Structures are given as structure tokens and as C-alpha cells.
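Keeping their order, the protein sequence lines are chains A and B.
Whatever position you read off the first sequence (first residue = 1), add 11 for the working numbering.
Whatever position you read off the second sequence (first residue = 1), add 213 for the working numbering.
Please keep in mind that the hints were generated in silico from the structure rather than gathered at the bench.
Small disclaimer: the values here were computed from a predicted structure and weren't measured.
Some clues are possibly wrong.
[Claimed, not checked] Estimated spans, in silico, between C-beta atoms of each pair:
no.: 1; chain 1: B; residue 1: Met545; chain 2: A; residue 2: Ala364; range: 53 to 63 Å
no.: 2; chain 1: A; residue 1: Asn227; chain 2: B; residue 2: Glu283; range: 35 to 45 Å
no.: 3; chain 1: A; residue 1: Ser310; chain 2: B; residue 2: Glu566; range: 18 to 28 Å
[Claimed, not checked] Listed next, the in silico SDA-like pairs over lysine to any residue satisfying Cα-Cα at most 25 Å (straight line):
no.: 4; chain 1: B; residue 1: Lys482; chain 2: A; residue 2: Ser310
no.: 5; chain 1: A; residue 1: Lys393; chain 2: B; residue 2: Pro247
no.: 6; chain 1: B; residue 1: Lys294; chain 2: A; residue 2: Ile313
no.: 7; chain 1: A; residue 1: Lys124; chain 2: A; residue 2: Gln84
no.: 8; chain 1: A; residue 1: Lys365; chain 2: B; residue 2: Leu468
[Claimed, not checked] Derived coverage of chain B by chain A (criterion: at least 3 residues anywhere in the stretch with Cβ under 8 Å from a Cβ of chain A; other residues may be distant):
no.: 9; stretch: 287-299
no.: 10; stretch: 449-462
no.: 11; stretch: 471-478
Beta carbons: idealized from backbone N, C-alpha and C, even for Gly.
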Amino acid sequence: MMIPAARSESGSASACVSCHEDIWGEVKDSIHAKQGMSCHHCHGGDPSQKDSALAKAPGTGYIGIPDKKQLTQTCGTCHSDVAFMNPYGTRTDQLARYHTSAHGKALFEKDDKRVASCSDCHGYHDVLQVSDPASPVYPFNVPKTCATCHANEKLMSQYGLPADIFEKYKNSAHGTALLEKKDTGAAHCASCHGSHGAIPPGVSEIHAACGKCHINEQSNFLGSVHAGLAPDKKFLQCAACHGFHDIQPASPELFSQSCIRCHTDESPAFLVGKTIQGQVETAEQTFHTQDQNIQSARSEGIFTQDEEAMLSEMKTHLIEMTTKQHMLKEGKIAPLLETIESQAKEINNTLQAKRNSIRWRFLALIPLWIFIVIMVIAFILKYHRMDRNE
Amino acid sequence: MNLKKTIGSWITDRFDVEKIREPINYQLKKPLPPHTGWFHTLGSLSLFLFISQVLTGILLLIYYRPTIREAFESVQFIMTKPYLGWLYRQVHAWGGQLMIIIVFLHMLRTFITGSFKKPREITWISGVILFLTTLGFGFTGYLLPWNQLAYWATTVGTEIPAAIPWVGDWLKTFLRGGPNVGGETLSRFFVIHVIILPWAVFFLIAMHLFLVRFQGIATLDPVGEEKDIGKKGIPFFPHHLLKEGVVFFILLGVLVTLAIVFPFELGEKADPMQTPHAIKPEWYFLPMYQVLKFAEKMWGLLIISLAPLFLFLWPFLDKSRPRNPLKRPLSMTFFVLVLLSLLIFGLMGYFSEKNVKIFNTDYHIDIYGMPHKILPNATTEPTHEK
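Just need the whole structure built from these sequences, with the hints factored in.
Spelled out as C-alpha cells, the structure:
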């Protein structure tokens with residue numbers, strides 16, 4: 012029988028270690044060992060018995076190597092115990108969620124032992140805290156951990172699932188941010204599919220999955236004509252234009268590439284898309300031009316802090332525009348474009364005024380030096396005239 | 214005409230003008246030695262620059278805020294918003310640089326013509342103090358814009374006195390107003406720069422000018438054999454003043470041209486967490502800074518403090534009678550050697566920690582000013598030992 016609490020005996024005090032010293036070597040640095048857990052908490056048995064047979068004798072609760080079902084229950088014994096887990100600040104619904112996941116359902120309902128359970132993701136004896144960068148479930152490591160199974164062509168073919176997801180993800184906007192730029196905030200497998208309750212989001216929930224991070228885009232999308240199409244399960248919401256695992260940084264070009272998949276190139280809907288594309292492209296180009304303009308003014312020694320403040324405002328409007336484009340209403344974008352263009356004009360004008368002022372400074376040197384030369388000649392002539400008179 | 218007469222009689226009714234007119238006329242007409250030339254205008258140019266610094270400094274004070282939160286921003290404001298703010302800030306910055314050059318050249322002229330000799334030793338000493346005060350202006354004023362270069366140059370500069378035995382740490386804390394360069398340093402540098410030094414210089418200039426006018430300009434005659442100038446002399450007014458007018462206008466043009474064509478950049482705001490690469494002081498401290506690299510801190514300090522000491526004592530060390538530079542070979546050789554060493558150490562300091570191209574070959578100049586050839590595939594700077 013398992014013992015849920017009283018995790019006081021450490022591995023060094025457990026008789027199991029006298030025979031399984033090599034395994035204790037794996038366990039001793041784990042989060043469990045550090046919290047005073049020992050072999051018998053998972054495997055059962057009597058750790059006070061020095062004799063191997065007595066330690067594993069009936070009545071000691073010895074289970075040996077737990078199978079996948081036993082394993083999830085064993086982990087869940089502590090990890091579902093609210094009172095016990097409370098001091099660690101970890102959730103206690105992992106087992107409940109696991110039961111709702113594709114993995115959990117396959118294991119418990121279909122007795123499919125090939126699916127992932129706790130130890131497939133977290134490890135066995137050497138379980139580390141999730142916040143430990145060496146942990147297989149630390150954000151940087153999640154994609155590779157999932158790929159252990161999901162990149163296994165042979166295994167995935169048995170479920171009719173693709174095995175190239177990791178390869179696609181690796182080169183996506185999210186994958187690059189997480190794996191190359193080391194941005195722990197970037198989306199990985201669990202961000203969209205969930206971790207313990209891992210399940211592919213249904214067609215109608217795609218916007219909810221993306222909206223966890225892209226809040227404004229989601230709220231604008233829900234105001235678009237496309238939002239109402241979701242219940243039909245024909246329209247893949249965000250994924251319809253942006254794709255799934257291989258999502259690339261979005262650009263206005265997406266309107267030309269994606270709208271055509273559903274709309275003809277002469278349809279009003281397609282033309283709305285093209286108009287919005289033009290608006291966003293113009294705004295981006297205007298912003299980029301003024302950014303260059305300011306940089307070049309700065310390199311000329313011109314103070315540009317006022318223009319930089321205006322550029323920041325332009326950036327804010329541009330960001331607002333990139334989220335509002337999801338409403339697919341050109342009327343909502345036009346005022347923003349107008350503001351961006353008027354700010355660009357103002358930046359241009361103030362920089363031009365500053366450049367003109369510098370040019371005038373240089374020109375002012377001409378009359379100054381003419382005056383100086385006249386005065387110098389006059390003084391020298393006067394000096395020589397006085398010299399001659401004496 | 215009537216107005217002129219009315220004002221004239223109003224004044225003569227109240228003051229004994231005749232009594233004042235005589236000494237004024239005497240000073241104006243007092244003949245200067247025949248060798249008095251263009252180089253004798255350097256003193257007046259120094260005075261002109263001091264006045265220019267005071268005037269532009271007052272204009273800067275209208276907007277400048279001596280706190281670490283506002284100093285940088287207020288200078289940025291001066292350079293962008295007030296009418297001609299950019300001009301008086303640049304004229305002030307360039308004026309400071311030119312003042313050091315002109316005062317130094319004035320001292321060189323005095324040394325070469327032997328004018329420091331008896332009976333003008335006190336005039337020379339007051340001149341040396343004025344030169345050191347001018348450097349003090351440069352050191353304290355450099356920090357006031359509170360930019361990166363200023364912050365770190367002051368950090369290095371105020372670290373130097375810490376090497377003095379017994380009082381070093383106290384002196385460093387006294388200069389900084391705390392363990393590090395910060396708000397306290399800025400406010401005390403500000404007070405020194407705008408109150409203490411200007412008044413000190415004002416009284417020193419008054420004393421210096423009084424001595425110059427009272428004792429007259431030195432001739433090139435040997436000490437004790439000075440002949441009466443008589444009719445060979447040049448009247449101060451209007452002859453010499455016309456010359457001073459010529460150089461004044463040229464200096465004014467140079468000052469404004471430098472301010473427009475080569476404006477000083479403000480750079481980045483001081484950031485105590487971000488040390489820039491190769492921190493260096495202003496060019497006029499470079500020779501001293503370079504010497505300090507070669508010697509232990511205390512010995513270095515001792516060596517560099519010999520320079521002002523020698524300047525103060527020189528009239529008492531060189532008691533030879535000739536003033537003509539051609540008749541003072543030993544003195545002039547020493548002078549040339551000092552100038553050369555200032556130039557060499559200054560250049561070494563300037564080029565140190567830089568990469569330069571000499572005859573199509575790239576060299577890295579190390580911290581001691583020694584060149585090291587950069588190998589074509591080298592990824593790091595060549596290592597070197599002291």
C-alpha cells in the first residue's frame with residue numbers, strides 16, 4: 012500500500028539503497044529526494060527491512076516497477092493532495108486533467124500503454140522542478156520532449172498523426188523565438204495544446220488558444236465577419252490564414268496569399284482584403300521611411316528626441332492597426348493610416364526645419380567673415396597710417 | 214553738443230576729473246617696448262575669452278539645472294529650444310578650449326622673452342595660478358553636462374588624488390562629496406565652476422593686470438640693464454590697441470566658426486552601470502594621464518606635480534640676467550624638451566587603445582601608447598604586458 016504523507020525518511024536511511032545504490036545515484040538530486048521522499052513512496056515495500064525478501068514481502072505494499080496506470084495513480088497520490096501540495100504552490104488537478112487528455116483517455120479507456128504518462132515527460136528517478144532549465148518540461152525543452160513521441164514516424168503512423176510537427180515548429184516564428192532567441196514567453200506545444208490535459212484544440216477553440224497570448228487580435232477577430240463562420244467547422248479561424256505549427260511572422264502579404272484560398276480574386280471580400288493590405292503596407296512603409304529619416308538626422312548631429320517621441324506614437328498606431336486589421340473593416344484602419352501619415356509629415360517638416368537652420372548657420376558665417384575682414388583691414392590701415400605720420 | 218556739455222559739466226561739478234585724467238592719460242600713452250608685437254596680444258585675448266566665458270556662462274545658467282536628473286536634459290534643452298541656445302553653448306564649450314590654448318601660449322611668450330625675470334616674479338606666479346585655474350575650469354565644467362564621457366572622465370580624474378598617502382581618501386571623498394561620482398559631485402563642481410573659480414580668476418586678473426601696468430611690459434634688455442624706452446616705444450593707445458582689435462576680431466570669427474562647423478556633441482546621458490571603452494580625459498590632461506599609466510600611482514602623482522612646482526619656482530631657479538632667448542641656450546633647451554615631452558605623451562595618450570593604419574598596415578595602440586601589428590586573422594586585440 013502506498014504512503015501518501017510522512018515523507019520523512021531520506022534515501023540514505025532507506026535499506027533499499029544498500030542494494031540499489033546505482034538507482035539512488037539517479038534519485039538523490041531529484042526534487043523528490045530533496046523533499047525527503049524515498050524509494051518506497053513510489054515502489055512500496057518496507058525500507059526498514061535489511062533483508063531483501065522481507066522488504067518486499069506481501070503486506071509491505073511493494074509493487075516493483077509500476078506500469079503506466081499505476082504510475083499516474085502513484086504520482087497523483089501526492090500531486091492531487093491539496094493539503095500536501097499547498098506549501099509547494101503547485102496545482103493539484105494534473106491527474107484530473109490527464110484523465111481528460113488524449114493521452115489519458117487512450118491509457119485508461121483503451122488501455123493503450125504507448126501513450127505518454129507522467130514519467131515520459133518528467134522523467135523517472137531524476138525528476139526535476141519545472142523551473143529547472145535541465146528539466147525536460149522547462150519551456151526550452153518542451154518541444155523536444157513532445158517530439159520524443161511526436162517525431163517518431165513509426166509510432167505516429169499508428170495514430171494517423173504527422174511526425175514532422177517538431178521540424179515545422181522549429182522554423183516557425185514561435186520556435187525561433189523559443190529555441191533561438193531563448194524567449195521563455197514564446198508559445199510551445201503546451202501553450203496551445205495544454206500540458207497534462209493535452210488535447211488538440213477544436214476548430215471552434217482555435218481563437219481561444221491563440222488568444223491566450225494574442226488578446227487584442229482575438230478580440231478584433233471576434234468582431235469580424237469570419238468569427239460567425241466558426242460553428243460551421245469549415246473555417247479554421249486564426250489557422251486559416253496563419254497556419255498551425257509552421258506559423259511565420261505575419262506580413263500584409265498574407266492577405267494576398269490567404270484570402271484567395273476561399274474568395275475569388277474579383278469578389279468584394281477579396282478586394283476588402285487587398286485594400287487593408289495596401290493600408291497596412293503604406294503605414295509600415297511610412298513608419299520605416301521616418302525611422303530612417305530620424306536615424307540619418309541623428310547621424311548628422313541633429314537632436315531628434317521630439318521626432319523620436321512622434322515616431323513612438325506612430326509605432327503605437329501601427330501596432331493598433333496590425334491588431335485592428337483582424338476586424339477586416341477598412342473603415343477602422345483608414346483613420347489610423349491618416350494619423351500615421353500626418354505624424355510622418357510632421358516629423359519630416361520638423362527635421363527639414365532643423366536641417367534648414369543648420370544650413371543658415373553656415374551661411375551666416377559668410378557675412379560674419381566679411382565683417383571681420385573689413386574690420387581687420389580697417390584697423391591695419393589705420394595702424395600703418397599712424398606709423399607713417401610719426 | 215549741448216547734451217555732451219551738460220553731462221560733462223554735471224560730472225565735473227561732482228568729481229575732480231582733472232585728477233583722474235592725468236593717470237589715465239599716462240596709462241594710455243605709456244610707451245611699450247619696441248619689440249612689443251602680435252604675440253603680446255595673447256594676454257588681452259585671454260581676458261577677452263574670460264569675459265566671453267562669463268557672458269555665455271550667465272546665459273547657460275538661465276536654463277542649466279545642476280542635478281543628476283536634470284543636468285543632461287537641461288543642456289539638451291539649451292541646445293534645442295532657447296533662441297541661439299545652441300550658439301552660446303557651443304561658444305562656451307569652444308571658448309573653454311581656446312582659453313586653455315591662449316593662456317598657455319601667453320605663458321610660452323612670457324617664458325621665451327624672459328619677462329618672468331626680476332622684477333616680475335609675482336606677475337609670473339599670478340599667471341601660473343591663472344593657468345592652473347583655467348585647467349580647473351576645464352575639469353569642473355567638463356562634468357556639468359552629465360554625459361557618459363564627462364561622468365567617467367571625472368570618475369577617473371577624482372580617483373587620482375586617492376593615491377596621496379594619508380589624505381588621499383579624504384581628498385577623493387572631498388572632491389566627490391561621497392564614495393562615488395554622483396549628485397553631490399555635480400553640485401560641488403557646479404559651485405566651484407560658477408562661483409569660486411570665476412571670482413578667484415576675477416581678482417587674480419585684477420592683480421595680474423595691475424602688476425603688468427604698474428611694472429610695465431618687460432624689454433629684452435638683461436636684468437638690471439633695462440634702458441629707458443624713450444621715444445622708441447610704441448604707445449599703448451591707439452597703436453597697440455589696434456593690434457589687439459585685429460586679433461580680437463579674428464578670434465571672434467574663429468570662435469563662432471568652430472561653434473558652427475565643429476559643434477560639440479552631447480552624447481549619451483551618464484550611466485554609472487555602463488562603462489564606456491577607453492575612457493580618456495580632455496586633451497589638455499592627456500600628457501598627465503599618460504604619465505600616470507607608466508608609474509605607480511603615488512610616484513606618478515609626484516612626477517606630474519613637479520610640473521606646476523617648476524612653473525612656480527622657475528623665476529627663482531633661473532636667475533641669469535639675459536632675457537633674449539638666443540642668449541639663454543640652457544633654459545631654451547629645457548623648454549623645448551618639456552614641450553616635446555608634453556606633445557609625445559599627449560599623442561601617446563590620444564592614440565592609446567585605438568586601432569590606426571600606418572603605411573597601409575593596421576596597428577593596435579595599447580594602453581601605454583605602444584603600437585602592435587594586427588595580424589590579418591586575429592580575432593582579439595594583441596595581448597601585451599607592462
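Hints, verified against the model:
1. Restraint check, Met545/B to Ala364/A: a C-beta distance of roughly 56 Å satisfies the suggested window 53 to 63 Å.
2. At roughly 37 Å, the beta-carbon separation of Asn227/A and Glu283/B lies within the given 35 to 45 Å, and the hint holds.
3. For Ser310/A paired with Glu566/B, a C-beta distance near 24 Å keeps the hint of 18 to 28 Å intact.
4. In summary, the hint linking Lys482/B to Ser310/A is supported, as the alpha carbons are separated by about 17 Å, within the 25 Å threshold.
5. A C-alpha spacing of about 19 Å is found between Lys393/A and Pro247/B, which places the hinted pair at or below 25 Å, so the restraint holds.
6. For the given pair, Lys294/B sits about 13 Å from Ile313/A by alpha-carbon distance, which is consistent with the 25 Å threshold.
7. With a C-alpha separation of about 14 Å, the suggested pairing of Lys124/A with Gln84/A holds against the 25 Å cut-off.
8. A distance of roughly 22 Å separates the Cα atoms of Lys365/A and Leu468/B; the hinted pair therefore holds under the 25 Å criterion.
9. Counting residues of the stretch 287-299 of chain B whose beta carbon lies closer than 8 Å to any beta carbon of chain A gives 3, which meets the minimum of three for the stated coverage.
10. Coverage of the stretch 449-462 of chain B by chain A holds [criterion: at least 3 residues with CB-CB distance below 8 Å; count 7].
11. Check result for the stretch 471-478 of chain B against chain A: holds, 4 residues qualifying (beta carbon to beta carbon below 8 Å, three or more required).
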